[in-house]
Each structure stands twice: as structure tokens, then as C-alpha cells.
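Colleague: So the chains spell out like this:
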Amino acid sequence: MTHIVNERVMVLLALFLVGGGLYAATFGQIYSSTETAQSPVFFPRIILALWMLLALAALVQAVRAPSDTAPVTSWPRLIVLLLAAVTYTNVIGREGFFLPSVVFAAISLPIFGIRNPLVVGLYAVAVPGALVLFFNHLLGMPLPVSRFTYLF
Amino acid sequence: MLSSLPDALAILLTVEGLLVLVMGTVLGIVLGAMPGIGSTVAVAMVLPFTLTMGQAPAILLLLAVYAGSVYGGSIAAILINTPGTPQSAATCLDGYPMAQRGEAGLALGWATVASVIGGLVSAIVLIFAAPQLAAFALEFGPIETFALILLGMTCIVSVSTGSVIKGLLAGMIGIFLSTVGGDPIIGEMRFTFGQWQLFAGFNLLAVVIGVFALSEVLMRASTALSQTSELVDFKGIVLPKLAMWKGRLKNLGKSVLIGNLVGVLPGTGAATAAFISYAEGRRSSSNGANYGTGEPDGIVSSEAANNAVTGGALVPTMALGIPGDAITAVMLATLTLHGITPGPKLVEDNPTLIAAIFTGFFIINLLLLPLGLILSRVAAPILRVREAYMMTAIVLLCAVGVYFVRGNPFDLLVMGAAGVVGFVLRRQGFPMAPLVIGMVLGPTLEITLRQGLILTDGSFAAFFVGHPIALVLGLTALVALLLPLLRHQLARRPSRQNQE
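Same order as they appear, the protein sequences are chains E and F.
Per my numbering, the very first residue in the first sequence carries number 952; after that it's consecutive.
Per my numbering, the very first residue in the second sequence carries number 1302; after that it's consecutive.
Each hint can be trusted.
Facing chain F, from chain E, some residues (calculated, C-beta under 7 Å):
id	residue
1	T1024
2	G1044
3	A1056
4	I1065
Just so you know, the hints here were simulated from the structure itself, not pulled from any lab data.
Don't be surprised by glycine CBs; every beta carbon is placed ideally from N, CA and C.
Could you build all of it, start to finish, from the sequences and the hints given here?
Modeller: Here is the structure:
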């Protein structure tokens, strides 16, 4: 990437645009009160205006004095973990705690360097299993269960 | 209340009473040390067990877990740079650099002593000065509270390592996140975009765990593989010698005072106290310039204040029925479940129960020292496993912890999103502490600002005319905000002159 269009500039630009978008959204809503202190968007507008101002200042600073972000050792490793984490937090509500946790652990351990399939398999089943056993069956504080069985 | 002390001791010095105090503190320390569990979740996890207990043991068990978890959070903060509880986030700033220097034992020693002193003093304050402190807090109207929160917000500048602009921006993001959901004054929905899950706003714990713990896992995945979780050399707690306290007692005293005062104000909490105290220590301590580099005063500022909050927060809870933070709100619910009506008449109607709770709280804080010395050795090996196991377990435990707060799968989504956003921002040098400070202080800042404007017919200038406390607090906030910027400019001037 060039000096001007780099990761830092892109992130700051995105932050500025998000702030601007949210600020614009405050005008799209109709509220029962528009009086200064009673308007629900009075305080958020102040905060979003400061958000945009600060994002702009940081953006100008980043363009004027470009600096590199820390290099990523392995993008594929990071992207797989990122996707796994986001998917994991998404599916627990639908598929229960145990099964997504087994899959997530089976993906996460090799990413962090555990290659032995026996160890990966054992950990991936034992740790989520122990948590389910402890919370669902010992404490009686149920974690989400899957669509297949009420046990996990 | 002192006349009820013998009866209170009779309740405490039974097998059940002592077991509750010891086991509760042990459980609190262990759960607090586990990243992603946190004090609120730890107390919530124990809550169902208290329903079969008597009134005093039930409250004491929760208090022991509370005080233990606030201290336990420092173990993970110092050893693996991941705060076990949000209250320990400020402890990471100096605890972990100190541990990286090979002084993990001493760092935990400072944290332990500061926590014990903070907790003990707050217990004494709770016992002897509760009515006066509660009365003082009640004198604060919305304008004074607004000025206080504004002062608290200035600590964003202090904790913004690297770039003040990015720190302030992170703070604004945090405050904005706190505005999502129902408007606190007229109840209309804001920024929910038709999503009913957002009606109650973003869960603070989900965001805190996401930006600190989950983003930490992603940060570790982006760097070279390590066999262990950033292992630091730890062979047990090393208590600081008396000579090492020279020049630090003033900072300790100030931190304990801040913790008590912040704790007694409803709706603030230990995380706020820790950051305000840290910022104040950085400003006023003779070692302030070393904050963020492994300075013991930084650990003392954070730990003394967050443990001092525990007692302070109980004052409005017990005396007025107003919870000081989320955990005391759970305790309030427990009191109600046990048939006790919280409110001003609680102390008058239940002197023995109150004496037992307050005395038990003092004993719990005494127990933190021996149990901390023993349990840190047990907790450290748990934290010292290979990075792969630790990182995977952190994600699983975070999911469990976040889910248990409200039993709402949507909070897990929030945690995931906060983790990704936190990772992206941290890569660009954004500090995460200001985001959390913004989220914690944001709601009070908004409510008090709007109530104040309603009271003054929309005149912001009137906030500081006729409100001497607000004026002093507001001016202090202004000085606190401008002083670091001025220092920064003055520091840059000689270097520019040298370049020329």
C-alpha cells in the first residue's frame, strides 16, 4: 500500500464515516420531544460530533506522519481464527454451547500450534464437556443446549 | 450497632459462618483470576446457592466472593496481561510490565497489600462512618454528579498511552455505545435500527470481555506462536518490605479515599474508581512519570481503590437501598429474596444482621492476605499452561461468563463483535481502557447533564454558578485535561529547538 492509503488510514477513515453515518441517523428519527435537554438525541449528537472531529484529527495526523502497523505473522491463521470466533459466538444461541465449542476448540488449538490430533480431540471434547457438566448438571445453571438433545 | 457486636460474633464464629467466609473468599479469588468470569458473574453464579442459607451467611457468601474476585482479578492482570475483572484493567498497565521485568511476585505483593489495606479501610469506613458518607453522597445533585463524572472522564487522557487523540476517540466510542437503547429520561429508543435485542443496550461485560480478552486472543494469533501465554517468571508472592513503602503511603491513602468516595456514589463502581485513582496517582505521585512502565504506585493506585470500593458501595446499598454498582444490585436482590426490605430502616430493624455483615466483611478482607498468598500459587499454574490451551479456554470461558449475565445469546454476538473491533483498533494503537471508561461513565454523564440542563432552563453556565462543589470539580477537570496537553507541548518545544 502507498503512504497515504494504508491500513491505519483506512481504519480511521472508516471510523470517521461510521461516526458521520450515525450522526446523520439522528436526524432520520422522530422523537416526542425535541427540546434541547429532553431530546433523546441531544447527548449522542454531542458525542458523535466529537467522535467525527477526533477521527478527522487522527486521520490528518496519520496522513501527515505515516507509520506502519505491527506486521501479522500469518494472515491465513489470523483470518481462520477470526472467522471461527465470530461464527462461534453467532451459533451458540442456536446450536447450543457444547457442539460449537468442540468445533471451535478443534480449530483454535492447531492455529496456536497444537498439532497432535489425539490431544486436540481430547481437549476439544473434555473442556466444553466439563463446562457443560459443571454448569448444566452440577450447578443447575444451564448453558444453551443443542437442537438434538437437552443434555448438551 | 456496636452493642450488637457480641450477637454478630456468635453468628460469625460458627462452623457455617467461618466456612462461608473462607470458601467464599477462595471461590472469589479463583473465579476473579479467571479471565472472562468477573465479579458480577462470580456473584451471580453463587447467588442460587444462597437461597438455602440463613440471611447473614447468604449475604456474607456473596460479599466474600465479591471481595475475593476483585482481588483475584489482579492475578490474571499481572501474570498474563488480561484483567480477570474489569476492575483490574488499570492494574494491567503497570502490573504486567513489572512482571515482564521478572518481578511478578513483587507486583502481586504490591497488589495484595494494597487490596487488603483498601478493603480493610473500607470495612472500617463502612462500620463507623456509613451514615455520614451516605448523607454526603445524598447531598450531590445532578449538577455536582455531572461535574464529578466529568472529572472522572479526564482520566481518559492519563490512560491514553501513545496517542491522546486516539484515547479520546476510543472514549467517545465507549460513551456512544452506552447511549444505544432506551433513552434514560423519556424512554424512547435510540440507534436500535429496529433490532429489539438492542432495546436494553449493549451489555457492558460483553463489551469489556470482547475488547480485552477476545481481542487479546486475536492479537496473540497475529504474532509469532509462543509455547505459553506470555510466561512471566513467578515463584510466589513477594510482599514489599516496609522500607519500600517510603514515599508511597500518600498515594495509598489517596487511592483508598478515592475508592471509598467513588464506591459510596451510586452507579459508579470499582472500575471507575480504579481509573480515577490511577489518573490521580499519575498526576500527583512523585513516581507519576513512571506510570505505565511497571511502577508499583500504579498497581497500588488501582488495587487499593478497587478494593476500597467494595465497602463504600455497601454504604448506600445497606443504608439507603441504593446499589453502588451491579454487584451490590445483586446483593440487594438477595436481601429481598431473604425477606429483608432494603432501605433507611434496615440498620434500625436488623442491628444484629447488619453488625454480622459489617464485621464479616472486615474478616473477609483480613482473609485476603493469607488466602491470596496461598491461592496465587494455585492460580498461577492454571494461567501458566501452553498458550494454545489458555487462549482456547479463554474464549470458551468468556462465552460462558457473558452468557450467564443475562442468559441472552445476543450478548455473545456483542462479545464477538467487540473482540473483532477491539483487535482492529488495538492494531492501530488505540488504547482500550478509554472505551471502557466511556461506557462505564457515559450513562451517568448523560443523565446528570440533561437533568442539570432541565434544572437550569438550558443554561450550562448556570451549572457552576451557585454550585461551589460543581465549580471546584469542573475546574479540577479542566486543569486535569489541559495540564497533560500543556506538558506535552512544553516537552516538544525543546526537542524542536534542538532539531533546528
